[in-house]
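Protein chains in written order, with numbering that gives the first Met the number 0: chain W, 0 to 338; chain H, 0 to 338; chain B, 0 to 338; chain U, 0 to 338.
Heads up, some of the hints might be wrong.
Any copy will do: because identical chains look the same in the list, a pair fits if it lies in one copy or spans two.
What the hints assert, rightly or not - Quick list of in silico lysine to aspartate or glutamate cross-link-like pairs, EDC-like style, CA-CA up to 20 Å:
hint	residue 1	residue 2
1	Lys202	Glu60
2	Lys321	Glu60
3	Lys69	Glu115
4	Lys202	Glu53
5	Lys260	Glu93
6	Lys259	Glu83
Calculated directly from the structure, the hints in this document are not laboratory data.
None of the values given here were measured: they were computed from a predicted structure.
Here are the chains, one letter per residue:
Number of protein chains: 4
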Amino acid sequence: MVVVMEEQASEAQIQHVMARLLALGFDVHRSTGVKHTVLGAVGVQPDFDHRQIELLSGVREVIRITEPYKLASRAWRPEGSVVEVGPGVRFGGEELVVAAGPCAVESAEQIETIAERVVQHGARLLRGGAFKPRTSPYSFQGLGETGLRLLREAADRHGLLVVSEVMDPSQIPMMLPYVDMLQVGARNMQNYNLLRALGTVRKPVLLKRGLAATIEELLLSAEYIMAGGNYHVVLCERGIRTFESYTRNTLDIAAIPVIKKLSHLPIIADPSHGTGRRDKVPPMARAAVAAGADGLLIEVHHDPDRALSDGAQSLTIEQFAKLMNELRIIAPAVGRRVG
Amino acid sequence: MVVVMEEQASEAQIQHVMARLLALGFDVHRSTGVKHTVLGAVGVQPDFDHRQIELLSGVREVIRITEPYKLASRAWRPEGSVVEVGPGVRFGGEELVVAAGPCAVESAEQIETIAERVVQHGARLLRGGAFKPRTSPYSFQGLGETGLRLLREAADRHGLLVVSEVMDPSQIPMMLPYVDMLQVGARNMQNYNLLRALGTVRKPVLLKRGLAATIEELLLSAEYIMAGGNYHVVLCERGIRTFESYTRNTLDIAAIPVIKKLSHLPIIADPSHGTGRRDKVPPMARAAVAAGADGLLIEVHHDPDRALSDGAQSLTIEQFAKLMNELRIIAPAVGRRVG
Amino acid sequence: MVVVMEEQASEAQIQHVMARLLALGFDVHRSTGVKHTVLGAVGVQPDFDHRQIELLSGVREVIRITEPYKLASRAWRPEGSVVEVGPGVRFGGEELVVAAGPCAVESAEQIETIAERVVQHGARLLRGGAFKPRTSPYSFQGLGETGLRLLREAADRHGLLVVSEVMDPSQIPMMLPYVDMLQVGARNMQNYNLLRALGTVRKPVLLKRGLAATIEELLLSAEYIMAGGNYHVVLCERGIRTFESYTRNTLDIAAIPVIKKLSHLPIIADPSHGTGRRDKVPPMARAAVAAGADGLLIEVHHDPDRALSDGAQSLTIEQFAKLMNELRIIAPAVGRRVG
Amino acid sequence: MVVVMEEQASEAQIQHVMARLLALGFDVHRSTGVKHTVLGAVGVQPDFDHRQIELLSGVREVIRITEPYKLASRAWRPEGSVVEVGPGVRFGGEELVVAAGPCAVESAEQIETIAERVVQHGARLLRGGAFKPRTSPYSFQGLGETGLRLLREAADRHGLLVVSEVMDPSQIPMMLPYVDMLQVGARNMQNYNLLRALGTVRKPVLLKRGLAATIEELLLSAEYIMAGGNYHVVLCERGIRTFESYTRNTLDIAAIPVIKKLSHLPIIADPSHGTGRRDKVPPMARAAVAAGADGLLIEVHHDPDRALSDGAQSLTIEQFAKLMNELRIIAPAVGRRVG
């Protein structure tokens, strides 16, 4: 932590700040410049609220130096992590991993049809919601455990793995037999009880960035899970909220290379939620891959006009097939391949 | 719902959209203009995803007309709601209701000292966290049930009511004996399992706006609670996330008059979280009251430099007393009084 | 400037950064911590781009310490500035200064009627646009010099001063005889040619914050004017752009106390543009005054339904009169009075 | 324009709104639903402020239907525009057009070295600022006309075309002999005097999106230029301001496919300003091309550590060469090629 004093700070104020820092357990290092005195404070704890010092009189600014996360930082594993979800399916490896499927599981026929088709075009995981976090209490809320069972069966028939969203700690034990990867939705990115509970599980977690979450906060949420001992975390950029309202959200493509630098965890993109409109999904999926994403989460439906939720942002099977072919052209530019 | 067709939409496209709307159960009403054909669709369900129509060929735009919330709308109770938390303490009445106290309950002495002092200056509720949602897994996480008991005892000794944050549905039964009002934090505004659980409770809920939540989403979250039968909801503006980083968040003061128009529910402000800095709390508290807020939620600590969390945004007792006196001057300008 | 090295930075990297800083003319001061080496660099120039150092290998972060503005900073004039626009009209003094009038000057009758009425209720300046920056090229663009003459004449008849917007350096000489204060609109806050030209004028400037401008950028734009020798600058908060679209902009009320701390310049608020809706103007005007604003800029029209521009955000005379009375109640809470 | 009345609107209120619409010159079309009465108003003028109707009593919402721009809309030229800057250099054609060069022209040697190298790797235009809009009045402000002459000479020696930024209408006549394309910077996107002046020129204009500008506002600014008769406009996405501060701005990649749908004008991206950091430029340049951009504007410097401005976001020659090779792999995925 670096404490910058005001130009006009008195010697008494400087001494008071130094005494306070020492009382808090820091080693203090003073450096007197022409204009400003700067104090280096060594030994800061992760939970230290630097505003405590900022409010002392004579202090101009306090700058935190150590990142507040450890296990999620690139320094902890400089070579990068590979998260294996099942045999041959690894996020963070050479192959770009694609999870595809409907927003919500609706019926055995629906999920079977979709599973059969997405695997043909290169998907490795089948996605589908059984519990849906809906903004309106009057919207379709998902099939629950029945949906999970249908998802599992369809995936097994086609050699796919399963990823589905968990909304509450109490759902975890019931879900474990059905899924290979537990997804935390954007609205739950800071549901700390849920994150802590996932830290005790030994299955990979797909953690989506919240709509208003900074990259640092996303990494801190990953740290919650990892601090519990579960290191199998894959991050997902899915759009942030900005003043531009033409697209539902603004997919922050730059977050991909930024996270690659700050963290060792794999990072994928969800262009379906990131744009909210089917015709914008392929360009943004291509962009994410070109920027270095380790994979994609894409909503696909064989009959989007009749989907019970989010049909508007689901690709048709044909669009998905076309997109996968475009990705096969782009991937080599970033040293990747598509399965 | 109003469907605006493209200028160059063909008659076949228009017919197709009309057929689709009819199949979905709408009454359709066509109006042909010089440039655009406009279709009125009557009978939309709350969970209808209007993007389904937006993607049909020839469609330029689809406009939702009915608000997606009902119980939370002003139309449902045009005269406005008064939420009574305890004898004589009513949000939405003539008196401005102030809830004050520390960020977190730390010890019996701490909460007793603060309770004793805030009641002298006009506070009606004692606030204090027992479960703390912390961005970092390494930060102080609260005293739990012990904290609630200390809060209750201190409040009872001084004729205050208690408001404290609930983070998970499983905590509700344990909390009920200790609190008069259950607070939902910003990060949980869209934790739908929690909202639904609170709908079955018969105690007032203080629902904070999420950092990236629109006003409409806040009202939809209130609707979740009300749809379960609990109509005792008080809303709280606590700052949104914007590009301006000097203050921790941007307290959206305009949300107060906007919500007053859209909804019958009381709305208060939290200038402590809304600014994150002690010296900015009094100006923003005054601003909120001048804009018509029904109350305030303010962090107060008798020794903020030693607070275990958020000391930097807590007022001292003296600052709180001075603020309450300023509010006594301002309140009559908006037809209110301070207790 | 403080340079924080990566944990794993090598001694060679540290030496390279130090050599580079010395070559750039800095005095360097090294401090070796348990984890990080931190370099203090003294003597930074205002135009130094700290990213130059940030990109050197082994560097984790570079922190600027000196504020990039001088003349606009509170340190330059700790007691605060009072900007006198005309006899007895001073922004930054005890009296809250209100500038009122229509969005655009439309006719002699219009401006006369409005001037006559706003002065009765306590306005000190008459505002009115003669050159209108309109988003659409097809909108009414103002009466030009004729509008300025009408504004001047109406103001003189009623003992008011005149403030009007300048859009281009070439308009300044023509405008000077007509106005007492030159307004720079939000869209021109970073039109540096205009700012430089205003630095050579000896009339007060009202500088509005841009829609996406940080507080620091606003102060840097003030610095442009002051660097030319014109110290008579009044700042104006008029709303920033956020994801919340119910109001046209989000009036950042907290900017008022923040600017009061960072700068000695007076700061006023424009709730008309800040909200874009007439019914939200009085609550936000009251909020701005309660937060410590030195004045207000308010659109008032005697017949807003027939206004040629921005009628929707103009108060009627009756609403303006009522607001001024409310402000007379609030002002004493912040040590101010309304004329 | 569609006017939606409140559920509880009285017949008298409805009649009043209809009368007002007729008085304003609209044809009115009434449609009475179960809950809401909806009025269609045909014949709206582009400069009509719909808030005028929104404020009438009984009105719930007013929805604009016609886009406020015409010449810039896709409907005006459905096949898309190709803007030819010089022989064989066409934005919007099959070839991806790359403009490269330093942030600012610094010397004859500098610009000669850079021109010689960027042309080898496929650039078609040489970029370089002669007038620099700098946030701080104390920063390097450019070489002025001398810089333009150096730019022109270096470009001519290497078969490149020239694009450079214009900041003020008064600079246009002087600049015309030196440049092939006039760039309008983000801060001037709504400098309407400048846009109008460029409408009278017959050279292509590169119009950058403002930091807080919506896509609609960008198209309206293009409309200003086109309304003057200059149809040779190329748009440029260069990042918007959001709460995420790790990158300088958030490059809104989705704006590329959105603008492709709404407008016929070519759209390129500027990943240098969009990220502000050299190491993030290649991933974002690749992403923009993968999303369908018609070209790129990239800062390149042969010795970025010694650049007088923005060296931190300039690619080295080697990085530029590597990027162009990656783009050669990606371009075919979107039906493009790199020169």
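How the hints compare with the structure:
no., hint, result
1, Lys202 / Glu60, "neither (42 Å within a copy, 35 Å between copies)"
2, Lys321 / Glu60, "neither (53 Å within a copy, 27 Å between copies)"
3, Lys69 / Glu115, "neither (41 Å within a copy, 41 Å between copies)"
4, Lys202 / Glu53, "neither (42 Å within a copy, 38 Å between copies)"
5, Lys260 / Glu93, "within (17 Å within a copy, 34 Å between copies)"
6, Lys259 / Glu83, "within (18 Å within a copy, 39 Å between copies)"
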